[in-house]
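Just need the whole structure built from these sequences, with the hints factored in.
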Amino acid sequence: MDESPYLFRAANWDPSRPGSIPDLLLAHLGYTGLAVLVGLAIALPVGFWIGHTGRGSFLAINAGNAGRALPTLGLLSLVVTLMGLGLTPVVVALVVLVVPPILTSSYAGIRSVDPAAVDAARGMGMTELQVLFRVELPMALPVLLGGLRSAVLQVVSTATVAAYAGLSGLGRLLIDGLALNDYGRVVAGAVVVAALAVALDLLIALVQRRVVSPGITGRGLARSRETAGTRAAVAGDSADRRAPAAP
Amino acid sequence: MIQYLSQNGDAVLAALRQHVVLAVLPLLLGALLALPVGYLAVRFRWLYHPLLNVSGVVYAIPSLALFVTLPFVLGTRILDPLNIVVALGLYTLALMARTVADGLRSVDPQVVAAATAMGYTPLRRLVAVELPLALPVVLAGLRVAAVSNISLVSVGALIGVGGLGALFTRGFQLFWTAPILVGVVLSVLLAAAADLVIVLVQRALTPWTRASAGRA
Amino acid sequence: MITFEAVRKEFGDGTVAVEHLDLQLPAGQITVFVGPSGCGKTTSLRMINRMVEPTSGRVLLDGRDVAAQDPAELRRGIGYVIQHAGLFPHRTVADNIATVPRLSGRSRREARAAAGALLERVGLDAALADRYPAQLSGGQQQRVGVARALAADPPVMLMDEPFSAVDPVVREQLQREFLRLQAELGKTIALVTHDIDEAVVLGDRIAVFRQGGHLAQFGTPQELLERPADDFVRGFVGRDRGFRGLSFTGAGDLPVRPVAERVRGAALVLDAAGRPTGWETADGTAPTAGTFTAADSLRTVADLALLSPVGVAVRVDAAGRADGLVAHHDLVDHLDARRARAAGERV
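Which chain is which? The protein sequence lines are A, B and C, in order. The first sequence begins at 1 in this note's numbering and counts up by one. The second sequence begins at 1001 in this note's numbering and counts up by one. The third sequence begins at 2001 in this note's numbering and counts up by one.
To be clear, the hints were calculated from the coordinates, so they are not data collected in a lab. Mixed in with the good hints, there may be bad ones.
[Unchecked claim] Taking beta-carbon pairs under 7 angstroms as the criterion, some of the chain C residues facing chain A (in silico):
| id | residue |
| --- | --- |
| 1 | A2072 |
| 2 | R2076 |
| 3 | I2082 |
| 4 | H2084 |
| 5 | G2086 |
| 6 | F2088 |
| 7 | P2089 |
| 8 | H2090 |
| 9 | T2099 |
| 10 | L2103 |
| 11 | Y2132 |
| 12 | Q2135 |
[Unchecked claim] In silico lysine to any residue, SDA-like type, Cα no more than 25 angstroms apart, as pairs:
| id | chain 1 | residue 1 | chain 2 | residue 2 |
| --- | --- | --- | --- | --- |
| 13 | C | K2187 | C | A2165 |
| 14 | C | K2187 | C | R2102 |
| 15 | C | K2187 | A | A116 |
| 16 | C | K2187 | C | D2153 |
| 17 | C | K2187 | A | D119 |
| 18 | C | K2187 | C | H2084 |
C-beta: ideal position from N, C-alpha, C; glycine also.
Structure, rendered in structure tokens:
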């Protein structure tokens, strides 16, 4: 048997072998992607609607706090004992964790838009949908993507815990490693899942860089002397919008 | 649920007590350490962006991964509560250091200039002017840290030390919802209580923010 | 032409923003809505493009009730400029200006191409087209706001405190250029301001609003200054009303004394071309303090007469040659006579 550490054993990187690191990584990404997509489909329309109309803002403001207070392991155990083992209950639990940060950030993003710009948009003859998609959404992106980042990290983290409920994913390495006293496996799992989280975090930051207008981030804009102050303020603002995620 | 509570009251209480300790101890340690770190990131501006990045990376690491890795780094046993305290302390430090820096940066530079002009030494100015004015931002960050710490402690149950998390693993093994519900409700209530305490502390410490909010 | 017919606006919380407003804004002219905050001037403006719907009454645009028109369609035909410009920070200057043409279905290339000319029209370098709003000064942003409103060449423009957010020097410059632009374009403009001085400078007509949404007076700037309808308008128009009112009367029919006449013990000294160089008095020579032409206002004449060391203003012709003298008591006599005439007409 190969005596090198678990993380570096070639067999553990063979994607065709069930339970190998690539296999678990793919499963982990699958759960994460599925939960985030379903969560977005639920939370975005509601968040946009609340942000655009200003109705029900109490819900949107408090969703984030309430979501953060939910103990992930408790939520997972609860859903599994109620719905049984399997993929669906776990994804349901993960979706419950995605919705609050997306709801809060899409609402907050829309609300953070300069009311003068919205007034001007309406005054120039944009329909309500045009106001939302051409003016409010592009300006809300930095805050919204901050919420998405939070949600993705939360799900990557909780999907690790989901191995406890019998699911695949990188959490398997941690849970099985602990059960077997195979600490090499535990460390391998921890390293890969941490690397995955940091990589996804960077990816979202990169997407943000690409899709947010330089007029909002101030990135790469020529510095003209009289407006240097305004520019710096805008740039600092966008850096601060990277709200902390939950580990 | 009620039945479960009446039969297992002592065990639940012990779990709750452990939960509070495991959440609050790292909160205080992390926040205290964050003060000098956050201050340095403001004092030396070039430190600010590296701090943001490091804080982001630490916060991205999944909690279970951190819990199980720490014994190898610290040389502790896997069941040692110290692992949880250090892990949550790190998260708190990562979040609070940037919050302290943001708080200090949020202080009106004109007020700082006025304090300097009146003859405050830098240290006295920091303690008497800048820190109090940064409090609303700092305490807002502390609320986030407190609530997420309380929610994260229970993940520790997977390595045997998790306060109310023990109720989750127990319920899961027995496929019994009662202990899980009790744990979730208590955990959420604990988070709400911690949040409320910090809000009340903030009210007491920063009466001027209330005055301006009342006028607006 | 914009017409308000018995328009009333009551908000959900019971505050009455506008109370029975009857008003006609003449086509091709600037009508200024002025008044203290909370007087309903902005609400009235926003009822023209249906940003606010009246509780009762009608607003007509060229005889058609605006309530019968699709709001988005209606607004694309009305220029709209607001206090902080309200530029879209995520779009370049050119794309901001292209907004309404794009909404109306023109191609991006075509709409952007027109942006350069519009920038120059509002006094900006066409090279700014690819900048973002955050890269512009406040005054530049406001100019872009005006260019954006002009992009679809709407016959009507609504302007809500367009020059309030910039410093006084820039504001005066923007006001001057705005008047020059309006002289070329002849748009029908409704403009809201809280600043009575701005109203007097910009308005062909001024509507003074009073708290509670009542129209206190509607008239030309001169009428407002010379004959305020009541104490509220008098107080709002402010001090120096009489003096400021002189700026609306030309010096054309002001009788003058011959240049050679010795007035108040002083004689005008001319150079070889007949241009005034100063006064010869018993104590020596003194400067003239400036000159006026027949096209200037009585306010300029009064100012010069007060500033002149001998109390006499000097009129010159187009070539700068002195062609008449007005002593300050001549001006007072002239104003007395005018007042007597006006009183005779009213009786």
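Here's how the hints hold up against the structure:
Interface restraint check for A2072 (chain C): the shortest CB-CB distance to chain A comes to about 5 angstroms, inside 7 angstroms, so the restraint holds. At a threshold of 7 angstroms, the smallest CB-CB gap from R2076 (chain C) to chain A is about 3 angstroms, leaving the interface hint in force. The restraint placing I2082 (chain C) at the interface with chain A holds, with a minimum CB-CB distance near 6 angstroms, inside the 7 angstroms limit. With a cut of 7 angstroms, the hint placing H2084 (chain C) at the interface with chain A holds, because the nearest CB-to-CB distance is about 5 angstroms.
With its C-beta approaching chain A no nearer than about 3 angstroms, G2086 (chain C) sits inside the 7 angstroms limit, and its interface hint holds. Checking F2088 (chain C) against chain A: minimum C-beta separation of about 6 angstroms stays under 7 angstroms; hint holds. Among the interface hints, the one on P2089 (chain C) holds; its C-beta lies about 5 angstroms from the nearest C-beta in chain A, closer than the 7 angstroms criterion. At about 3 angstroms, the closest approach between the beta carbon of H2090 (chain C) and any beta carbon in chain A falls short of 7 angstroms, and the interface hint on this residue holds.
Hint on T2099 (chain C) holds. Least Cβ distance to chain A is approximately 6 angstroms, under the 7 angstroms limit. With a least beta-carbon distance of about 6 angstroms to chain A, the hint placing L2103 (chain C) at the interface is held under the 7 angstroms criterion. Because the smallest distance between the Cβ of Y2132 (chain C) and any Cβ of chain A comes to about 3 angstroms, under 7 angstroms, the interface hint for this residue holds. For Q2135 (chain C), the interface hint holds, since its Cβ comes within 7 angstroms of a Cβ in chain A; the closest pair sits about 5 angstroms apart.
Note on K2187 (chain C) and A2165 (chain C): the hinted pairing holds, with a Cα-Cα distance of about 23 angstroms set against a maximum of 25 angstroms. Taken as a hint, the K2187 (chain C) and R2102 (chain C) pair is honoured in the structure, with Cα atoms around 22 angstroms apart against an allowance of 25 angstroms. With a C-alpha separation of about 24 angstroms, the suggested pair K2187 (chain C) and A116 (chain A) falls inside the 25 angstroms cut-off, and the hint holds. Annotation: proposed proximity of K2187 (chain C) to D2153 (chain C) holds, straight-line Cα distance about 9 angstroms (limit 25 angstroms).
For a cut-off of 25 angstroms, the pair hint linking K2187 (chain C) to D119 (chain A) stands: about 22 angstroms separates their Cα positions. At most 25 angstroms may separate the alpha-carbon atoms for a hinted pair to count; K2187 (chain C) and H2084 (chain C) meet this at roughly 22 angstroms.
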